[in-house]
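Novice: The listed protein sequences derive, respectively, from chains A and B.
Letter by letter, the first sequence follows residues 1 to 291 in my numbering.
Letter by letter, the second sequence follows residues 1 to 329 in my numbering.
Heads up, some of the hints might be wrong.
[What the hints assert, rightly or not] Derived DSS-like pairs: lysine-lysine, alpha-carbon spacing no greater than 30 Å straight-line:
(1) A/251 to A/241
(2) A/52 to B/302
(3) B/51 to B/327
(4) A/241 to B/51
(5) A/251 to A/164
(6) A/251 to A/289
(7) A/33 to B/327
(8) A/155 to A/52
(9) B/51 to A/52
(10) A/52 to A/33
(11) A/289 to A/241
(12) A/164 to A/33
The hints are simulated quantities; they were obtained by calculation from the structure and are not laboratory data.
Source: prediction; values computed, not measured.
In case you want the letters, here they are:
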Amino acid sequence: MSSAPGRTACVAAAVLLTALAALAGAASAAAPKRIVALTPFSANTLASIGVKPVAIGQSLGGRERLLPSLRRVRSLPLAHPNGPNMEQLASLRPGLVFSSPTWRKGARTMRSLDIRVVEADPEFGRDIYDSVEEIAGIVNRERAGRRLARRIQSKVSRVTANWKSRPRVMLVLGVGRTPYVFLPNSWGGDLLQRAGARLVTAGAESDSGFARISDEVIVAEDPDIIIGVPHANADDLDGIKRYMQSNETWKLTSAGQNNRIYVSGDDSLLQADIDIAETINSVRTRYLKNR
Amino acid sequence: VLLARRSLVVAGLVVALLAGIGASLALGAIDIPLADVVDVMTGDGQEGPSKQIVLQLRLPRTVDAILVGAALGVAGAMLQGALANPLASPDVIGVTAGAGFGAVLILLAFPGSIALLPVGALVFGLLAATLVFMVAWIGPDGGGVGRLILAGIAIAALFAAGTTGLMTAYPDRVQSAVFFLAGGLVSDGWEEMRVIWPYFAVGFAIALCLIRPLDRLALGDDVAASLGTRPRVIRLTAGASAALLAAASAAIAGLLGFLGLVVPHVVRMAGGTASHGFVVPVSALGGAALLVAGDTLARTAKPPLELPVGPFMVVIGVPMFLWLLRKAV
Numbered sequence: 001m002s003s004a005p006g007r008t009a010c011v012a013a014a015v016l017l018t019a020l021a022a023l024a025g026a027a028s029a030a031a032p033k034r035i036v037a038l039t040p041f042s043a044n045t046l047a048s049i050g051v052k053p054v055a056i057g058q059s060l061g062g063r064e065r066l067l068p069s070l071r072r073v074r075s076l077p078l079a080h081p082n083g084p085n086m087e088q089l090a091s092l093r094p095g096l097v098f099s100s101p102t103w104r105k106g107a108r109t110m111r112s113l114d115i116r117v118v119e120a121d122p123e124f125g126r127d128i129y130d131s132v133e134e135i136a137g138i139v140n141r142e143r144a145g146r147r148l149a150r151r152i153q154s155k156v157s158r159v160t161a162n163w164k165s166r167p168r169v170m171l172v173l174g175v176g177r178t179p180y181v182f183l184p185n186s187w188g189g190d191l192l193q194r195a196g197a198r199l200v201t202a203g204a205e206s207d208s209g210f211a212r213i214s215d216e217v218i219v220a221e222d223p224d225i226i227i228g229v230p231h232a233n234a235d236d237l238d239g240i241k242r243y244m245q246s247n248e249t250w251k252l253t254s255a256g257q258n259n260r261i262y263v264s265g266d267d268s269l270l271q272a273d274i275d276i277a278e279t280i281n282s283v284r285t286r287y288l289k290n291r
Numbered sequence: 001v002l003l004a005r006r007s008l009v010v011a012g013l014v015v016a017l018l019a020g021i022g023a024s025l026a027l028g029a030i031d032i033p034l035a036d037v038v039d040v041m042t043g044d045g046q047e048g049p050s051k052q053i054v055l056q057l058r059l060p061r062t063v064d065a066i067l068v069g070a071a072l073g074v075a076g077a078m079l080q081g082a083l084a085n086p087l088a089s090p091d092v093i094g095v096t097a098g099a100g101f102g103a104v105l106i107l108l109a110f111p112g113s114i115a116l117l118p119v120g121a122l123v124f125g126l127l128a129a130t131l132v133f134m135v136a137w138i139g140p141d142g143g144g145v146g147r148l149i150l151a152g153i154a155i156a157a158l159f160a161a162g163t164t165g166l167m168t169a170y171p172d173r174v175q176s177a178v179f180f181l182a183g184g185l186v187s188d189g190w191e192e193m194r195v196i197w198p199y200f201a202v203g204f205a206i207a208l209c210l211i212r213p214l215d216r217l218a219l220g221d222d223v224a225a226s227l228g229t230r231p232r233v234i235r236l237t238a239g240a241s242a243a244l245l246a247a248a249s250a251a252i253a254g255l256l257g258f259l260g261l262v263v264p265h266v267v268r269m270a271g272g273t274a275s276h277g278f279v280v281p282v283s284a285l286g287g288a289a290l291l292v293a294g295d296t297l298a299r300t301a302k303p304p305l306e307l308p309v310g311p312f313m314v315v316i317g318v319p320m321f322l323w324l325l326r327k328a329v
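For reference, chain B alone in the conformation it holds in the complex (with noise of 0.2 Å):
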């Protein structure tokens, strides 16, 4: 029953997935006949607007709705697994809070090498995982879940001021990090992607060799040591292919932590079942799934304008999510 179950759920976010993949091909600010889409995608098309719109701006776009979506869901499936504790998520780390600052630097203090934006948000995210990770491991009784999270919260705090104080310093700019903040793809092309993408490689590496001793794991510390494992270098691990995960997403995408930290619920508790194997990478695969829709959904609510992800992904998470939840209880 368990495994038709959880057989069910794959199917329905494979399909989902598909769906959403179709629409978000199909469908923009600009009205193209789907089989002149079909023929774009198949080869077929003509040379023109509709070309370049399908190929150059909707396909790369979809593309980083999936990648980023699945990154972020097996961002929080490892950390929830790796600290034991169902509030863990990117946010938790301080990666969160570091791309924010980074992105917000760059649009801010130097509007003029905009192309460093994806590069910003990467290097502080990263840089506030890492500072995360020092002040939570340095020092007697280092390494502990309760230490880190502190630490997370207090470096998200320092970078969450820095970002304020930028905000502050550069009043007329403000607008343009917006965006950002609120979370939300962009239609430009595959340059961002050409830099980032071997960071989300990395980061899903990590995760799929790290299955099996966060399932170990999630025995306790002490049956995991028996069986081999070490939990301080299983959690480091995780936590830094987490943060890999979450700071090329927030480069791609800005700041979308409510995925992260949903999305693998979710999947724990239509698939009844917490174990690593599956919540891992369904993981990837609902989190695909919710930021293609949500993403087409921005795209076409109030053409041509487009609007934030964020709130869209929020709009369609939380019933689910809350549905789940009293179907659980």
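Chain A extracted, bound-state conformation (with noise of 0.2 Å):
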């Protein structure tokens, strides 16, 4: 029979042992070696801190924004409703996916091929930061994460402030030729405001962060800037731009006047990326002028 404190420390070294029998699982189950990564800002923060995904998703909005060390990574076409095709995925045998809520649907068909799922992409300009350390965190590179995200935080700290104007937009999504307003609940209604510009939403409020509001109430509103973002295919986009570019309806408001109609050649106002302070940059460099 051995001693109290003989149990004791066999009790003490049993809960030691299991603690970092726990610890150890849980960091090789949140570090897998086989990631992809399905949305570009996943991607190039993974590519930033020194992770190389094995696949990238592949959306509408083309690979530009890619970080240049993953422009020869594989891609996997998205589709709705599931996002990947799931045979395609599964014959990559990955180990973690960075999702978003788009593809939820898909999600949890690929969790049921054990696959690990997380959505990690930021909703709001606010929200980066959170979501570059968390995707480190799963990837076991805080610091390179946190160093990532105070690196963003500081551009996006210089390019946010010293407007010399704060001029009226209107921020138009063109979908097929159907228009809608980004409302500050989008990620492009955010960034626009963080830019200096007072968004002109009509008073429109829409979960969805976008409403379709009526030609009248353009005109009525008289916007001084009308930024257009297109949302379709790659073949169809020089239509739609050239729609936006010569509506009638938006001629008649200052920004028609002032020949102050922009159309946005990417999907940087539409969705989440590394890059949110050149992109502001851009946006008050080309569309606003007011720096």
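With the hints as a guide, dock the two chains, each given alone in a separate frame, to form the complex.
Specialist: In structure tokens, the structure reads:
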């Protein structure tokens, strides 16, 4: 029979070993080697902290916004409702997929294939730092993640100060030929406000972050600047751009009269990415002209 | 001669279904050698992506296609028989529009609760059918075929307007609803079928029980009543069975109304008989064969993208339908 102190030591050692085993297990589970990033935000975050995914999701936006080190990484075409083709994804044997709410239906299937799925894309600019650190934490690159978050924060604070003017801007999403305005609770709307714009929404509210408003309201609101963001396949973009630039109603507004109708050529106002500071800077320089 | 013709139709459809099942398990975005597929199906396959793909993605999807195709074929046959109307299909009793609204509601307004998608489609599909039957049956002269069809058109328009309203309110999420509205199966394992299968089971069971009463109903309401059949009860029960089958199908595969309309006609024309003892089970076989073939085509036409199966079924089904129609005329 062992003594009481001996038993205590044994129990303590067992607890310690169990804790160490659990930690080791958690660490190995948290850092799978084969990672798929379905969004440009997660792909670029991973690349910036030194992790190369085995594949990257490819949706409407193209690959221009990917960091150079990711340009040769295999793409997985994304389509509704599941996102990636599940057979193609399974054949890559990923342990972890960084996804987004858009592909939530597919996430259930991925989990049934024993793939860990994490939705880490930020909804607004203020969430970007937490999202970067979350992704970095999951792949055991906490320090690199904190450095990246600080770097983005510092760049953002440099480009969001000293507005020379605060123009009234209507940011319009073009789905086909039907325009919807971005509201403050959208990625683009939030970003425009950080760039110094006063967002024109005619008081519309919607959980989705977008609202259809009538042409009459656009004329009545009379924005100083209109920025169109086409949301379409690459082949259809030019047609929608032309339609936006020649919209007769928009020409009646101050924006139209002063040739201040712009059309964004990429999806930086639609989809989160770590180049938020560069996007804000570009919006201020090219559209708002308030630097 | 008629028996030989019917046997030939059944044999042809069984062969088509078996070939479709084989193709559905063997073909996909990832090339897996046929021998490996056979090994996996016979339990000899090695652990790895191939086994996962065949057992967890292709097999459940093939089973989904068989059940949904059979259910829509039976639903169409039941409704066309019960309403004595060649244009009857699950669309007529509002199920398709109701299920579309339920699914779009979840997809657009509550995307965080995507797991409820099949339940939403099922519940609203059945709700729409219930409303149609209530409007058609309550009041003087209730239960007539014309009244049922008009009630169906009105209720379907109501739910279609609701769907359009949702799509207008959530423009940035509309794309997620397009696939469902166009009709398509997805590789998502057994999860949805685990929830939905009882509705298929009850729908098929009721359909089997109604085969003889529907044959009597085909003789006209008066004759059917003289033979001890209650025409209104039979119509209501057949409608309920079709509603269950169509709503359950919509929950799994979106809106595939075309199949329920065309398959029973093709079966009647090919078999040369309108007997429900032939039309109902063979419509199940034909619907399953058509959907399995269409889904395989939709998955393999432009890999790795998966296209909605609805248009593919039309491409396969319409030429066959037109050919038979011309022969019948």
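Novice: Quick one: which hint numbers does this structure break? Sort them smallest to largest.
Specialist: Violated: hints 3, 4, 7 and 12.
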